[in-house]
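The listed protein sequences correspond, in order, to chains A and B.
With the first letter of the first sequence counted as 1, position 57 gets the number 56 in numbering that gives the first Met the number 0; the numbers rise by one all the way through.
With the first letter of the second sequence counted as 1, position 80 gets the number 79 in numbering that gives the first Met the number 0; the numbers rise by one all the way through.
Just to be clear, a hint being listed does not mean it is correct.
[As the list claims (entries may be wrong)] Distance windows between CB atoms, simulated:
hint	chain 1	residue 1	chain 2	residue 2	range
1	A	16	B	38	26 to 32 Å
2	B	232	A	19	56 to 62 Å
3	B	271	A	126	26 to 32 Å
4	A	19	B	127	37 to 43 Å
5	A	11	B	274	39 to 45 Å
6	A	4	B	274	47 to 53 Å
7	B	274	A	106	20 to 26 Å
8	A	139	B	271	37 to 43 Å
9	B	204	A	26	49 to 55 Å
10	B	282	A	86	48 to 54 Å
11	A	8	B	93	15 to 21 Å
12	A	140	B	228	57 to 63 Å
13	B	124	A	173	41 to 47 Å
14	A	172	B	221	38 to 44 Å
[What the hints assert, rightly or not] Reference listing, derived: stretches of chain A covered by chain B, where coverage requires no fewer than 3 residues with Cβ under 8 Å from a Cβ of chain B:
hint	stretch
15	117 to 131
16	163 to 169
Bear in mind the hints are in silico, worked out from the structure with no lab data behind them.
From the three backbone atoms N, C-alpha and C, an ideal C-beta is built for every residue, glycine too.
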Amino acid sequence: MNKPKELQLLTEIAKLLEKYGPDSCEALAILLSNEEMTQTIIVTLLQNIVLKAKSVSHNNVEQKPQVSKNAKTFRSSLVAIQERDSDRGTLLLQLFDGLQNKQFLPTSREMKTFAEDNSLVPITAKSRKSAINQFVKAFLTMPIHEIKSILKLLEEKTSIENSSLEAWSSIILNKTADIK
Amino acid sequence: MLCQEKLNMAKTISLINMKGGVGKSTLTVNLAWHFAGYTNWSKKILVVDLDPQFNASQYLLGATKYANIIKDGKLTIWNIFEQHTRTPTGKTKFEPKEAIIPVVIMRNGGKIDLIPSCLELALSLQNPYEKEDLLRRTLTKLENEYDMILIDCAPTESLLTTAAYLSSEFILVPVKPEYLSTIGLPLLVSSMLDFHDKYEEHHLELSGIVFNAVTYYSPEEERAKEEVKELAKQNEWYVFSNEINYSRSYPKGAREGQPIFRTSYARTEMAEQFKDFAQEFAKRIGL
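Construct the entire structure; sequences and hints are all you get.
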């Protein structure tokens with residue numbers, strides 16, 4: 000460990016240990032041990048650098064397709080997780096796709112309040128796409144049973160019939176099986 | 000003998016009026032959100048839905064979650080009142096914590112839990128014998144878990160009203176300033192007097208009367224308010240100086256399971272107005 004830049008990076012990581020706790024760091028180390036995952040992260044980081052450079056040059060026209068590509072890259076990293084850890088990857092993809100197609104939390108505000116209400120990482124991103132990535136990232140190292148319970152909650156919360164008179168009528172008239 | 004065992008930790012407040020449709024459930028849920036959600040409060044709140052119409056449960060849970068609770072056979076307020084009822088298979092052991100449904104846990108440490116209600120609660124009223132103290136006994140076991148317990152009452156005099164009085168330190172009376180709504184107030188007076196006659200050792204304080212769904216529109220509304228204030232003066236009751244205006248954001252919030260301060264369309268002044276009332280209420284009950 001004589002290389003100064005690597006030592007500097009290690010010092011920075013050590014500082015983050017306190018912030019995120021040893022469990023999160025250990026989970027990240029496991030994720031990074033996968034070569035494909037590491038490659039995906041490097042690609043994502045590089046793309047972010049390109050995006051930032053473009054925003055400095057105020058080239059807004061070309062940013063939109065780049066963001067969309069970024070979302071696809073994020074999804075492909077979830078697919079990579081699925082190949083390695085089928086259960087976790089499937090749940091994360093279900094969550095990501097549900098948010099993307101607005102099945103879950105169709106507005107950014109709903110996403111923000113849901114994160115607040117369930118003690119998840121606060122959503123600070125302004126755009127929905129960035130917010131989705133930020134939201135899903137919070138689940139990467141979460142125990143599977145917790146991801147499942149959050150997904151169940153999302154399904155309950157965002158069920159189309161959730162606040163309809165028809166849904167309540169079914170309950171009151173003892174036809175609960177009809178409720179999703 | 001029923002004696003007062005004050006809940007040491009939680010402030011227990013019943014929201015009651017002998018008239019329906021005055022906004023009891025909406026006020027209960029919005030107060031719960033206010034004290035749990037705002038960082039300067041961050042309180043642990045238990046909402047007890049004591050109305051067989053289960054509006055507070057509908058507001059806080061939504062249809063799907065509520066249906067799952069019923070389908071999974073989870074406990075409701077009904078089980079509290081029927082915990083000693085023998086069935087052909089004997090008596091089932093009742094654990095108060097099993098009747099609690101977590102609704103929301105805030106990052107700030109605040110939370111809202113609910114004891115949901117169900118239509119079958121109305122059946123408990125058919126056989127009220129020795130059931131009136133069961134709610135108080137149950138809530139006493141939970142006293143250390145919460146800062147505030149809000150009981151959303153049914154708008155009729157029954158076993159449930161007595162159970163709410165026995166469980167509470169305070170009552171809060173929302174009144175809609177209109178003729179028929181205000182008549183609920185003398186009915187409440189009568190109910191409280193009957194209760195005090197029977198349970199004179201129990202200290203029950205009226206925290207105040209709050210005008211709800213105020214429109215500032217018709218002279219009729221002003222007249223109703225004046226009459227209520229006069230009655231309050233005669234009985235030395237407190238009338239909150241902060242009133243709650245009518246806002247379409249309240250029913251919209253109920254549909255979305257959100258309090259008024261979380262609805263994107265609520266005018267800031269409406270949310271602020273509720274905040275002012277909540278502050279005054281907190282001061283009244285010594286929170």
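Cross-check of the supplied hints:
no.: 1; hint: A/16 / B/38: 26 to 32 Å; in the structure: 28 Å, holds
no.: 2; hint: B/232 / A/19: 56 to 62 Å; in the structure: 60 Å, holds
no.: 3; hint: B/271 / A/126: 26 to 32 Å; in the structure: 29 Å, holds
no.: 4; hint: A/19 / B/127: 37 to 43 Å; in the structure: 56 Å, violated
no.: 5; hint: A/11 / B/274: 39 to 45 Å; in the structure: 42 Å, holds
no.: 6; hint: A/4 / B/274: 47 to 53 Å; in the structure: 52 Å, holds
no.: 7; hint: B/274 / A/106: 20 to 26 Å; in the structure: 24 Å, holds
no.: 8; hint: A/139 / B/271: 37 to 43 Å; in the structure: 39 Å, holds
no.: 9; hint: B/204 / A/26: 49 to 55 Å; in the structure: 52 Å, holds
no.: 10; hint: B/282 / A/86: 48 to 54 Å; in the structure: 51 Å, holds
no.: 11; hint: A/8 / B/93: 15 to 21 Å; in the structure: 58 Å, violated
no.: 12; hint: A/140 / B/228: 57 to 63 Å; in the structure: 59 Å, holds
no.: 13; hint: B/124 / A/173: 41 to 47 Å; in the structure: 20 Å, violated
no.: 14; hint: A/172 / B/221: 38 to 44 Å; in the structure: 42 Å, holds
no.: 15; hint: 117 to 131; in the structure: holds (count 3)
no.: 16; hint: 163 to 169; in the structure: holds (count 4)
Violated hints for the displayed structure, listed by number in ascending order: 4, 11 and 13.
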